[in-house]
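Position chain B relative to chain A; hints supplied.
There are 2 protein chains.
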Amino acid sequence: MNYAEITREDISFLEAVCGKDRVCCGSRINEDFSHDELSGISRYPEVLVRVTETGEVAEIMSYANRRRIPVTPRGQGTGLVGGSVAIYGGIMLDLTPMNRILELDQENLTLTVEPGVLLMEISKFVEARELFYPPDPGEKSATIGGNINTNAGGMRAVKYGVTRDYVRGLEIVLADGEIMQLGGKVVKNSSGYSLKDLIVGSEGTLAVVTRAVLRLLPLPRKTVSLLIPYPDLTRAIETVPLIIKSKSIPTAVEFMEREVILAAEDFLGKAFPDSSAAAYLLLTFDGNSREEIEQAYEKVAHICLGHGALDVFISDTPERNEAIWTARGAFLEAIKASTTAMDECDVVVPRKCVADFIKDIKRLQDEFGVRIMNFGHAGDGNLHIYILKDALEEKVWVQKLEAVFNKMYAHADSMGGLVSGEHGIGYAKKPFLEKSMGHSGMELLKRIKLAFDPNNILNPGKVCQ
Amino acid sequence: MNYAEITREDISFLEAVCGKDRVCCGSRINEDFSHDELSGISRYPEVLVRVTETGEVAEIMSYANRRRIPVTPRGQGTGLVGGSVAIYGGIMLDLTPMNRILELDQENLTLTVEPGVLLMEISKFVEARELFYPPDPGEKSATIGGNINTNAGGMRAVKYGVTRDYVRGLEIVLADGEIMQLGGKVVKNSSGYSLKDLIVGSEGTLAVVTRAVLRLLPLPRKTVSLLIPYPDLTRAIETVPLIIKSKSIPTAVEFMEREVILAAEDFLGKAFPDSSAAAYLLLTFDGNSREEIEQAYEKVAHICLGHGALDVFISDTPERNEAIWTARGAFLEAIKASTTAMDECDVVVPRKCVADFIKDIKRLQDEFGVRIMNFGHAGDGNLHIYILKDALEEKVWVQKLEAVFNKMYAHADSMGGLVSGEHGIGYAKKPFLEKSMGHSGMELLKRIKLAFDPNNILNPGKVCQ
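Protein sequence lines, in the order shown, are assigned to chains A and B.
First residue of the first sequence: 73, per this note's numbering; consecutive thereafter.
First residue of the second sequence: 73, per this note's numbering; consecutive thereafter.
None of these hints come from the bench; they were simulated from the model.
A couple of the hints might just be wrong.
Under the rule of at most 30 Å between Cα atoms (straight-line distance), these lysine-lysine pairs were calculated in the DSSO-like manner [said to hold, decoys possible]:
| id | chain 1 | residue 1 | chain 2 | residue 2 |
| --- | --- | --- | --- | --- |
| 1 | A | LYS408 | A | LYS371 |
| 2 | A | LYS196 | B | LYS371 |
| 3 | B | LYS231 | B | LYS196 |
| 4 | A | LYS472 | A | LYS461 |
| 5 | A | LYS371 | A | LYS294 |
| 6 | B | LYS231 | A | LYS518 |
| 7 | A | LYS317 | B | LYS196 |
| 8 | A | LYS231 | A | LYS196 |
| 9 | A | LYS196 | B | LYS319 |
| 10 | A | LYS507 | B | LYS518 |
| 11 | B | LYS467 | B | LYS408 |
| 12 | B | LYS231 | A | LYS196 |
| 13 | A | LYS294 | B | LYS371 |
| 14 | B | LYS212 | A | LYS231 |
| 15 | A | LYS431 | A | LYS507 |
| 16 | B | LYS461 | B | LYS231 |
| 17 | A | LYS231 | B | LYS294 |
| 18 | B | LYS231 | A | LYS294 |
| 19 | B | LYS342 | B | LYS196 |
| 20 | A | LYS317 | B | LYS212 |
| 21 | B | LYS317 | A | LYS196 |
| 22 | B | LYS507 | B | LYS408 |
| 23 | A | LYS294 | B | LYS317 |
| 24 | A | LYS518 | A | LYS507 |
| 25 | A | LYS342 | A | LYS294 |
| 26 | A | LYS502 | A | LYS479 |
| 27 | B | LYS231 | A | LYS319 |
| 28 | A | LYS461 | A | LYS479 |
| 29 | A | LYS317 | B | LYS231 |
| 30 | B | LYS212 | B | LYS461 |
| 31 | B | LYS294 | A | LYS371 |
| 32 | A | LYS371 | B | LYS319 |
| 33 | A | LYS342 | A | LYS461 |
| 34 | B | LYS294 | A | LYS294 |
| 35 | B | LYS371 | A | LYS231 |
| 36 | B | LYS212 | B | LYS231 |
| 37 | B | LYS371 | A | LYS319 |
| 38 | A | LYS408 | A | LYS212 |
| 39 | A | LYS502 | B | LYS518 |
Predicted, not measured: the structure shown is a model, and the values here were computed from it.
Extracted from the complex, chain A is given alone in its bound form (with noise of 0.2 Å):
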């Protein structure tokens, strides 16, 4: 790809945009913004510009379209695939600025943001007016816009779906500057193809999300958690599609191992209620009525109680539920710290092929000799496999790593699975979206991208360029 280098008149146009105090070029860019949380790739913008509002972003935008300057847009940089590193330099846009919560509409049930806004801020707003944002992704400090650019699921996806579920509208700058409204605060949509949905999920490459109108549901009353023990994982995990079977959905249905458990130990210094068994389901149910939760949980306590579970912890005040789901919470930190270096794999697979899916990254770690750890959403099928480099030389744990990839992405597709269920495919996974959509599918989407954004401009080298 052929791209304009920055010059000093593209400093020049981006200071009399933005003012001097929010563009830092060269040198002065902390490194942070060289990289993202894991992907193992890094390069820094030439230059990065803090926006603070739409018109800012659409004047960026149509100027470097005429550039020909590539632009990549910026939250917090919490992602796993690279898909907000600079690959190409050119232009970062650091939308974290554009942070406000802009109107809670209380007769629409919708609340308007900037991209800007964290998750955990918008969980905190929202819960104190008794009104509930359900997406719940580990990671509480990724921003909103960064959430639906690579549709983030995380642990209540069994019961409330995920990002794009609670996307009602949005605003988006174009590659060429324009500004565009999509859907809006309108519960149905049959209008034209739905272009609201294209843009979640599609990790910046189609266009700057400058603005969303999130749907809001009420606060569940209450909330009750399961810890639940397991001699092994597999028995933990072949649980999982008879709860879904008995028609007691929970909200969430996590699993777990006593080694990533002790990992999470040593990294936060807190003890877990329990880490004396090999393995663990962590359920909760929510709900309005005790009666309704009580029947459901019940149900379900009997279920794995019949099939090998241990005993069943079960954790209904908000202090017991916070100590157990900040351990969740902390799991991909403690296994990072554990180790050297890491990387990940999110693949989704049928829920009912979990079981399967687990037993044979066993097989890998003892065939490939290189450390695995895995936890995840065993409600929606949606895994966290991370390997691990430990003492391994780099260029033997690239080979390693390599293999172990093929092997796993080969498999979760053989069982109907798809390369990632809510980290997206970024850089990092690319190779993996190609053999899993084959050269027709990456031709589809290298067409939509062109009819976005025929210079290439955005986000380059990313998801399907």
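What follows is chain B alone, placed relative to chain A:
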């Protein structure tokens, strides 16, 4: 547009693919296939082909693409905007023979179906197994393929969302005959642009849907309907935002006036439980515990009685619910039977704007001297408005229709509303979509259309072409 006319060789090809008894030409084509339920446009396809499997669709598309023959996919033809009319002639693909329920997967809670399965067959099949497919459009004899292609909504969208929310995976045939799988049985997906969501609601212009994996829920154990009479429509509708704000979310909130109820009584030859009041709200609550449902509907009944409701009739047996909802399901046919001809508007506005919008319809009725009847989904802001010809001369009616439509769509637009909540754009609503999206928005849709179908052979003349 320059398309090839069907030749004797084309017919021979189609007969070789499908057998002579499934290919039908010229005057042997039933009149039903020349129009849909309402749109007023009429054109016969040159040849009608009843397809029974994906491979046939693929062979026909590949051939038609090479020969530049337009192809119009069609289900039951129950649409209202001309989406399934072959306005450029060519081949009509009748997908109704592809009507098998292929697999119920209870461990993944999915149902795999062919596109010709009727909505009423799906609900009957799953409800017999205590499962639930929530989308509930009034037209139960529509095919699921048609529902997917219009992103049909229906009554239960307030609580459960629309068709899009229940499509997990699709098998499609592209314009060039390639067969592609999108999504699958997985609950989460962030693997490239969401082609699945682009196809949902694309009205047969991007691909032919040949199979769908639907998401099911457990069937709620208890359903209660409330029929709430009001002295006038305004007070009825103004209660709805208060209900939403109260955080007791009903499954459905419909509104109706006495004149529509009387038309339905006439049409069905059956009395409605009450028709003494000028206007009604019809609400449903569902769930698994009586306590939960009672809490919700008692709160809502209290709100209604505090805001002008004359009474609250509770219907909690399947028989009584059936009587009310059968009448509701017959409104369209009843209004149609009460006049000589009619056309419809299916706008969706933010739900707190419904009362204002309806007041404006009354003004338009008086201003233009044309009878307008309406009912609709007060809980999701999607209105069904029928402009009736009665004894008006054709030319006068057409003029009035255009003037009324222009005012209505402009008014919806000014409220942040959109052209169609669930019926789609098809042929009839294209001018209004263009006004709503603007020129560059329509150009973007056209570029997406060409990314899928460069020769514009798939359902041409619809949505954006």
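- Item | Index of numbered hints that the structure contradicts, given in increasing order | 1, 6 and 16
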